[in-house]
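Asks: In order, the protein sequences belong to chains F and V. If you number the first sequence the way my numbering does, the last residue is 290 and the count never jumps. If you number the second sequence the way my numbering does, the last residue is 294 and the count never jumps.
It should be emphasised that the hints constitute simulated quantities derived from the structure, not laboratory data. Careful: at least some of the hints might be erroneous.
Claimed, not checked - Computed cross-link-like contacts, DSS-like style, restricted to lysine-lysine with a CA-CA straight-line distance of at most 30 Å:
1. Lys217/F / Lys94/F
2. Lys196/F / Lys275/V
3. Lys113/V / Lys122/F
Said to hold, decoys possible - Far from chain V, by Cβ distances over 10 Å, these chain F residues were calculated:
4. Leu188
5. Met189
6. Ile209
7. Gly267
8. Met274
A quick note: this is a predicted structure, and the numbers were derived from the prediction, not measured. Don't be surprised by glycine CBs; every beta carbon is placed ideally from N, CA and C.
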Amino acid sequence: MKKLKKLLTSKFFITIVWVVMLIAVWELFAFHVENIKRTPENVQPHLSGIVDSLTSDRKINGSQTALQMVIENAKATLTRAGIGYIIGIASGFLLALFMSLSKIVEKTSFPYLMLIQLIPILGMAPIINAITGDIAKSRIIIAAILTFYPVATNTLAGFKSVQREKHELMYSYAANKFQIYTKTMIPACIPYFFTGLKISAPMAITASILVDTLQGGIGLGCLLSQSLKGAMTRYVFWDIVFFSAVIGILSFYIMGIIEIMMCPYRRTGKR
Amino acid sequence: MIFIVLFCFISFPEQRNINELKGTISMIEHERNDIEIMLDNVGMVYDSADGKEVTALTSVTMDIHKGEFISLLGPSGCGKTTLLRIIADLIHPTSGNVLIGGVSPKDARLKRRYGMVFQSATLYDWRTVIKNIELPLEITHCPKKERHERAMKMLDLVGLSDFADHYPRQLSGGMQQRVGIARALALQPEILLMDEPFSALDEFTREKLHVDLLKIWRKTNKTIIFVTHNIQESVFLSDRICVLSPHPGRLSAIIDVDLPRPRTMDIKDTPEFTALVSKVRNSFEGV
Ligand SMILES: Nc1ncnc2c1ncn2[C@@H]1O[C@H](COP(=O)(O)OP(=O)(O)O)[C@@H](O)[C@H]1O
Ligand SMILES: [Mg+2]
Numbered sequence: 020m021k022k023l024k025k026l027l028t029s030k031f032f033i034t035i036v037w038v039v040m041l042i043a044v045w046e047l048f049a050f051h052v053e054n055i056k057r058t059p060e061n062v063q064p065h066l067s068g069i070v071d072s073l074t075s076d077r078k079i080n081g082s083q084t085a086l087q088m089v090i091e092n093a094k095a096t097l098t099r100a101g102i103g104y105i106i107g108i109a110s111g112f113l114l115a116l117f118m119s120l121s122k123i124v125e126k127t128s129f130p131y132l133m134l135i136q137l138i139p140i141l142g143m144a145p146i147i148n149a150i151t152g153d154i155a156k157s158r159i160i161i162a163a164i165l166t167f168y169p170v171a172t173n174t175l176a177g178f179k180s181v182q183r184e185k186h187e188l189m190y191s192y193a194a195n196k197f198q199i200y201t202k203t204m205i206p207a208c209i210p211y212f213f214t215g216l217k218i219s220a221p222m223a224i225t226a227s228i229l230v231d232t233l234q235g236g237i238g239l240g241c242l243l244s245q246s247l248k249g250a251m252t253r254y255v256f257w258d259i260v261f262f263s264a265v266i267g268i269l270s271f272y273i274m275g276i277i278e279i280m281m282c283p284y285r286r287t288g289k290r
Numbered sequence: 008m009i010f011i012v013l014f015c016f017i018s019f020p021e022q023r024n025i026n027e028l029k030g031t032i033s034m035i036e037h038e039r040n041d042i043e044i045m046l047d048n049v050g051m052v053y054d055s056a057d058g059k060e061v062t063a064l065t066s067v068t069m070d071i072h073k074g075e076f077i078s079l080l081g082p083s084g085c086g087k088t089t090l091l092r093i094i095a096d097l098i099h100p101t102s103g104n105v106l107i108g109g110v111s112p113k114d115a116r117l118k119r120r121y122g123m124v125f126q127s128a129t130l131y132d133w134r135t136v137i138k139n140i141e142l143p144l145e146i147t148h149c150p151k152k153e154r155h156e157r158a159m160k161m162l163d164l165v166g167l168s169d170f171a172d173h174y175p176r177q178l179s180g181g182m183q184q185r186v187g188i189a190r191a192l193a194l195q196p197e198i199l200l201m202d203e204p205f206s207a208l209d210e211f212t213r214e215k216l217h218v219d220l221l222k223i224w225r226k227t228n229k230t231i232i233f234v235t236h237n238i239q240e241s242v243f244l245s246d247r248i249c250v251l252s253p254h255p256g257r258l259s260a261i262i263d264v265d266l267p268r269p270r271t272m273d274i275k276d277t278p279e280f281t282a283l284v285s286k287v288r289n290s291f292e293g294v
């Protein structure tokens with residue numbers, strides 16, 4: 020009885036229940052759509068259809084199967100997202116560092132940080148594109164900008180979370196600024212920093228795909244809009260939707276795993 | 008010949024005089040050397056956020072001797088922490104003078120003569136117990152091997168050698184506070200400043216730590232300034248109790264605790280102990 024209760028509340032079990040429920044709801048609607056629409060794949064196809072389209076070896080554009088196409092385009096998009104993500108992390112962390120080092124930097128830059136967050140990506144993209152004159156660069160920059168904000172704010176919150184007593188300890192040791200940061204401030208903000216990383220990883224990917232759609236070339240978003248325009252089977256669209264959902268969720272968990280590897284102290288013991 | 012005799016005759020009394028003088032000087036010097044902390048008319052007025060001035064402390068004057076165990080006792084808000092922070096060079100008094108072994112609190116801090124223990128153990132949760140104790144030694148660039156050895160010695164002193172590789176969250180509150188004490192001792196400071204270090208612990212753990220702190224104190228000969236709002240605690244531990252009273256914060260009495268040492272828990276059942284507790288209790292003003 021106890022074992023059953025434990026199983027029912029286990030994380031794994033709850034995840035399974037959620038997935039099954041989602042599939043059931045999806046299929047319910049798919050059946051409904053199938054009855055009232057002539058081309059149900061335009062609205063909501065069956066999951067089996069999507070899986071079929073991914074596994075079939077039918078060449079879509081003469082040389083590639085659907086899966087090959089998705090993977091090739093995903094590589095381009097994820098590379099851009101990854102580069103932008105790393106740039107965003109680095110600049111976000113550095114800004115947080117400068118903000119914690121100097122009240123003036125904090126007071127002058129915080130309002131503009133908010134502003135960045137308020138402009139929609141699709142509004143920002145053409146501006147960036149006009150400035151850089153290169154769509155590939157703009158895609159990277161947009162991913163970087165979206166990463167930047169969560170990383171900067173969370174890291175800053177981490178710096179501010181350091182207890183007064185810890186500062187006083189370092190003061191009583193007559194530690195210098197460099198030691199204060201390397202021994203206390205930066206290690207203390209790591210969990211906060213990772214919160215920023217976990218929030219922004221799926222965002223960077225989503226932004227990359229969205230900005231892809233603005234112009235042609237190679238990329239998940241480009242492929243997505245071609246499929247929507249009817250240049251190829253609609254199932255490619257669904258493939259991309261599911262593929263990016265999985266990648267987005269994975270990116271979150273990968274960051275979580277890196278965090279656990281980097282912070283052994285959070286693993287050990289209960290509480 | 009006559010001259011020499013005459014010279015001796017004249018100089019002998021002088022010699023005696025000078026020797027006497029030298030004696031007095033060395034006595035004064037000895038007395039001064041024995042004083043670790045000198046507080047002279049120390050006062051503190053805070054500028055609070057709403058523009059009002061808060062008088063936290065007025066004219067505290069006292070000397071604290073080397074190796075003494077002093078308690079700062081009083082209800083909350085009477086300026087105990089303020090006084091401790093003034094000694095630790097964390098804040099500057101708005102009036103009066105503080106000398107630590109003849110130098111300013113700042114110089115004393117730069118010479119790393121303070122060890123600090125807070126109410127919360129304030130351990131670094133990403134460091135193991137031993138690495139926590141090594142932290143101050145890292146700051147002073149102590150070589151790795153020596154660092155480890157010294158940290159292990161401190162850990163041994165607080166009786167936690169078996170927990171060197173544990174993380175703080177795996178320890179009980181009392182053990183965490185022991186680690187905090189070991190860390191405070193790592194740089195071998197002359198003065199240990201403790202701000203209500205045991206007030207978050209349960210009664211059983213606290214009593215155990217009292218006895219252990221006294222043992223550590225005897226072994227290391229530190230000057231300890233121990234902030235507390237617990238009368239029994241201060242009587243059990245201290246050589247002298249500084250009773251602070253609020254509104255405004257001031258030193259209202261200094262009470263000698265002449266209970267024999269080493270003290271064990273049994274001492275709390277003696278009439279002398281009880282008498283001292285009530286003497287301390289009666290010395291408060293305006294609470
Ligand atoms: N930074 C500060 N600014 C303004 N008032 C303060 C500050 N710190 C302490 N006080 C005031 O000074 C008085 C003494 O505080 P404190 O030294 O912390 O007392 P205790 O440690 O005995 O409880 C209190 O009335 C408190 O409100
Ligand atoms: Mg206090």
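Asks: Could you run down the list of hints and mark each one as holding or not?
Replies: Going down the list of hints, with the structure as the test:
1. For the suggested pair Lys217/F and Lys94/F, the alpha carbons sit about 21 Å apart, so the restraint of at most 30 Å is met.
2. For the suggested pair Lys196/F and Lys275/V, the alpha carbons sit about 47 Å apart, so the restraint of at most 30 Å is broken.
3. With a C-alpha separation of about 25 Å, the suggested pair Lys113/V and Lys122/F falls inside the 30 Å cut-off, and the hint holds.
4. Taking the minimum C-beta to C-beta distance to chain V, about 6 Å, the non-interface status of Leu188/F is violated against the 10 Å cut.
5. The beta carbon of Met189/F sits about 8 Å from the closest Cβ of chain V, which is not more than 10 Å, so the claim that it is off the interface is violated.
6. The beta carbon of Ile209/F is not kept farther than 10 Å from every beta carbon of chain V, the shortest such distance being approximately 7 Å.
7. Against chain V, the non-interface label of Gly267/F holds: every CB pair exceeds 10 Å, the least being about 29 Å.
8. Residue placement check: Met274/F keeps its beta carbon more than 10 Å from all beta carbons of chain V (closest about 18 Å).
Taken one by one, the earlier hints fail for this structure at numbers 2, 4, 5 and 6, listed in ascending order.
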